[in-house]
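Asks: For the protein sequence lines, the chains are A and B, in the order given. For the first sequence, the working numbering assigns the number 27 to the initial residue and increments by one for each residue that follows. For the second sequence, the working numbering assigns the number 27 to the initial residue and increments by one for each residue that follows.
Be aware that a few hints might be false.
Which copy is meant is left open, so a pair is good if it fits within one copy or across any two.
Think about it this way: if two alpha-carbon atoms lie no more than 20 Å apart in a straight line, the pair counts; the simulated SDA-like pairs of lysine to any residue are [said to hold, decoys possible]:
| no. | residue 1 | residue 2 |
| --- | --- | --- |
| 1 | K120 | G97 |
| 2 | K47 | L612 |
| 3 | K124 | A579 |
| 4 | K541 | S611 |
| 5 | K494 | G592 |
Note that these hints are calculated values from the structure, not bench results. Remember, it's a predicted structure, so these values are computed and weren't measured experimentally.
Protein chains: 2
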Amino acid sequence: LSGSLGAFANESTQEAIGDAKNWAIQTGDYANHRYSTLDQITKDNVKDLRPAWTFSTGVLRGHEGSPLVIGDVMYVHAPFPNTVYALDLNNDGKILWKYEPQQDPNVIGVMCCDTVNRGLSYADGMVFLSQADTTVVALDAKTGEVKWSVKNGDPAKGETATATTMPFKDKLLVSISGGEFGVQGHVTAYNIKDGSMAWRAYSVGTDDQLLFDPEKTTALGKPVGKDSSISSWEGDQWKIGGGATWGWYSYDPDLNLIYYGSGNPSTWNPSQRPGDNKWSMTIFARDADTGVAKWVYQMTPHDEWDYDGVNEMILADLNIDGKDTKALVHFDRNGIAYTLNRENGDLLVAEKYDPAVNWTTGVDMNRDSETFGRPAVVKEFSTEANGEDENTTGICPAALGTKDQQPASFSPKTSLFYVPTNHVCMDYEPFRVSYTAGQPYVGATLSMYPAPNSHGGMGNFIAWDATKGEIKWSIPEQFSVWSGALATAGDVVFYGTLEGYLKAVDAETGKELYKFKTPSGIIGNVMTYEHGGKQYVAVLSGVGGWAGIGLAAGLTNPNEGLGAVGGYSALSDYTALGGQLTVFSLPDS
Amino acid sequence: LSGSLGAFANESTQEAIGDAKNWAIQTGDYANHRYSTLDQITKDNVKDLRPAWTFSTGVLRGHEGSPLVIGDVMYVHAPFPNTVYALDLNNDGKILWKYEPQQDPNVIGVMCCDTVNRGLSYADGMVFLSQADTTVVALDAKTGEVKWSVKNGDPAKGETATATTMPFKDKLLVSISGGEFGVQGHVTAYNIKDGSMAWRAYSVGTDDQLLFDPEKTTALGKPVGKDSSISSWEGDQWKIGGGATWGWYSYDPDLNLIYYGSGNPSTWNPSQRPGDNKWSMTIFARDADTGVAKWVYQMTPHDEWDYDGVNEMILADLNIDGKDTKALVHFDRNGIAYTLNRENGDLLVAEKYDPAVNWTTGVDMNRDSETFGRPAVVKEFSTEANGEDENTTGICPAALGTKDQQPASFSPKTSLFYVPTNHVCMDYEPFRVSYTAGQPYVGATLSMYPAPNSHGGMGNFIAWDATKGEIKWSIPEQFSVWSGALATAGDVVFYGTLEGYLKAVDAETGKELYKFKTPSGIIGNVMTYEHGGKQYVAVLSGVGGWAGIGLAAGLTNPNEGLGAVGGYSALSDYTALGGQLTVFSLPDS
Ligand SMILES: O=C(O)c1cc(C(=O)O)c2c(n1)C(=O)C(=O)c1cc(C(=O)O)[nH]c1-2
Ligand SMILES: O=C(O)c1cc(C(=O)O)c2c(n1)C(=O)C(=O)c1cc(C(=O)O)[nH]c1-2
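Okay, chain A solo, but in the shape it has when bound:
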């Protein structure tokens, strides 16, 4: 997909993204491959890698996302207060400019899962920042001056922002967070030129709000019909129904479609929201110009475990059963890896990508079945069936899923997907909760622990064959791999660990080739760029995110942090808070 300039696409943006020396958007390319054709660093020489220079952001807590590189300038962001730096690559990272938004710190209290930010994007000489308080700012890439800014939501209602933005054509796609506060999730396209709104599409709501065409918008090949969302909720619950959009975005210029997933239905207590709760937990394919949905696929109808469907949609051209297929591959929180036809939303493969997954026996793949595409729920692990104030134990995966926000990568060379995963299970006790704007609307008490009867660790880094739905190899990790992977043409795959290691492994075999202990736990995503004829690999350290919330927010009660504090308490034996960029390269000689 990379390099295929769609006729209508914004060519300067596509060029910036297409130049392998750059890293112009968080996902590397529109297809979310997180793959680089740079090949100076190879599986043979990566053992000689070493830090070339480093930079502290001056901010603690979880550092997600990665820096961008456009030509001679690197753009680095930080979690709240969302400081942005432009660093001069010709001058050892000298600070060209710095942008420090003034934000009401009260927003910290309505961020569910640490004060993270998944990074900047670049287009048309501007750098885009989506602040925690939902202000979207376009900064002049040369000077850091604000070209325009727009408020995308209201933190007083629990609306916040953590995701990156995606520039496509003449628009910028912007997310909203707040599934734990009963927001009504949406994505919004702003005009890049001036920040005016082009279109907004809700995840749950009326057809108008959804930008659904009841006749033409399809789900597994069939029109969704009228009021497909609100009819799947009881009463007005949909108005506080969640479906936040805090994950990643992809774009297929040829199909002119954008892809993303929606988050959990609110509240976490399933008994309070009978119905399928459409279109929470759903993959959306929308027309890039109008926002109208072409197709949808709900992965976890009537969620009972907080398996947000927001993980990245990787657009890959795969040969499936002998057929060249424009596929979309998605590693869902619910533990199932989906391969769909991205043109029409047809479901091709749905397999567990961690054998520990137990809440479902699997997805019904019988096209003739009433329940085609639906996961079969194991009653023992149904928090709805067990009911309110009952503790359902031993559910795998935990709420943070077999994978959370940490993006996978795809190498066209190996045709494999490299997936940072969680290997964590949970107990889940739903309780009745009432809605107050701006107050947590969670309704469940959780505790988390490593998947039992396994290697004892809380994560695996796996290679996945999406054509067959099979794990090719798996590296056990002590903690969840909360860092995004990078695959390169040097046949090396990089990822970070919560203890703080940057690791490089062989793309074919998974053999560890190099590791380095960075200052703090890594929940950032590895990126690469070329400057002055030399390939660099860079990653942000700074432990936090949902997995690291105990350290990040100083919580120690095991049930705090939506249940994550206890599970990850051993992290404090390995790392402390930080906020640093480490840039690696090979020695000169």
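With the hints as your guide, set chain B with the ligands onto chain A.
Replies: Chain B with the ligands in isolation, oriented as in the chain A frame:
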């Protein structure tokens, strides 16, 4: 001096210090050489140095001092809240234990020059921390448990602590800060066993308080006589007379003397305190057992510029004019480098170590003169002569001196001193101020700028011949070198810069051999250790201290931060706050 075990000295402590694989006290050894006999890293191979592992302290603001290494464990400290970590060197720096004192954050408001801490010390299986709030804690080195703790002062009166402690024999020497709050400075020796007080000696006060023997305590060879301190002040001003002891300590086991300097007289407005203001700005040599002063030497009588005399006393055996001399070498804030006979306090050499120094024409070296040992003040730069509410301009050095707390090192191989210096001048306008306990008692408005008509930078890193009082070579630096130097038997000298570089230079020539940009500005001191047969070099990054107070405390008004904010404002173009340890080594092969 290292290795010479005094008969009365605590042998286990001396052994810990004497083992070159360790770094057991902040100063490397009792002589404050900051020199290591380790020689795997040489001037020939240092170009191949690279970070081996890193660690974030989880704290921002200025990180002074250095980690300690005792055997397989590294002890790392942080500025307020003064977190302490024990890291397992056998396990990539895994955290063995962590100590996080609970301190009233109000202490931050009475710390003059950032929330710094100059590090831990080690003796008898205990690690000693002097907290910002003046609590001294003895931690079990194995478990981090508090063995004893004692309160050395009262932050409500502006008494704080930033200096390291020095274990000697069965005692621990402890400082007090607060010269900008009118404290009555003192050093205190606590019994290492249980934290009970052995002796306390004030810098200004009655002979009893000073632990002076009017007949036996000498100044330049003559008994000081009765009431030498209080008679040099007007009225009761001495009771709020300053002379804090926030610098470094040395110890000569053979002579059984400890050495240190006292800080500025309070207030900074000289007109409010007529007299010599003894014994502020003074070098003290005290009996290690009783604390009784053997000799004193006041460098800057009646200070008019805030030239605290607290910089380290380096104990070196030098050949001066053909005579083997037990010397003490001291690079004072006032811009003069002093060489004294450390047995009797005789003044041997006193020369400017920055040609920019202009407030004095020099020290009277005529032994027959009334003013022997006294600096001759240039009237133009006398803030007392120019008077209150008059701005005296162009004084060199600035209040932070030609050198501040950043310790120099001494190589017995080259017999040279390696001195991180400031190259900064100032305008100084004294004003009348009244004393309120716990309130700033400063009484002067300052502004600082690079030394005019020079290289434009604010610092130099110099090599000094203390026998002759001559600069051997000088490396111009853009900013003050606020980091402590390390010299090694590999003929390499290391230091850090405020931009964040760790630099290695040739001990003979000063030629730059290696540099690496660490995450944040370096005001920590470089140390070295050996582990698993391999030599490592480590340094804390984390911009701050007085020079970096603008960044550290988020100040932007040029006169804020006691005048330092304006002078160092360009720092924000190079670095941001941090708190990281970077450990360097040579590649394995
Ligand atoms: O529903 C939401 O609005 C929402 C928002 C976020 C977020 O914005 O970070 C997370 C989640 N949910 C969530 O379920 C989750 O697991 C999660 C992990 C993280 C993270 O950054 O580590 N954020 C979020
Ligand atoms: O008089 C005092 O009590 C006192 C204390 C301190 C300190 O404790 O850090 C400094 C100073 N004075 C001082 O004059 C000074 O230049 C200074 C620099 C620094 C630093 O850490 O960068 N501290 C201090």
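Asks: Now tell me, hint by hint, if it's right for this structure.
Replies: Consistency of the hints with the structure:
no.	hint	verdict
1	K120 - G97	within (15 Å within a copy, 38 Å between copies)
2	K47 - L612	within (16 Å within a copy, 30 Å between copies)
3	K124 - A579	between (26 Å within a copy, 17 Å between copies)
4	K541 - S611	both (13 Å within a copy, 15 Å between copies)
5	K494 - G592	neither (36 Å within a copy, 64 Å between copies)
In this structure, the one hint that does not hold is number 5.
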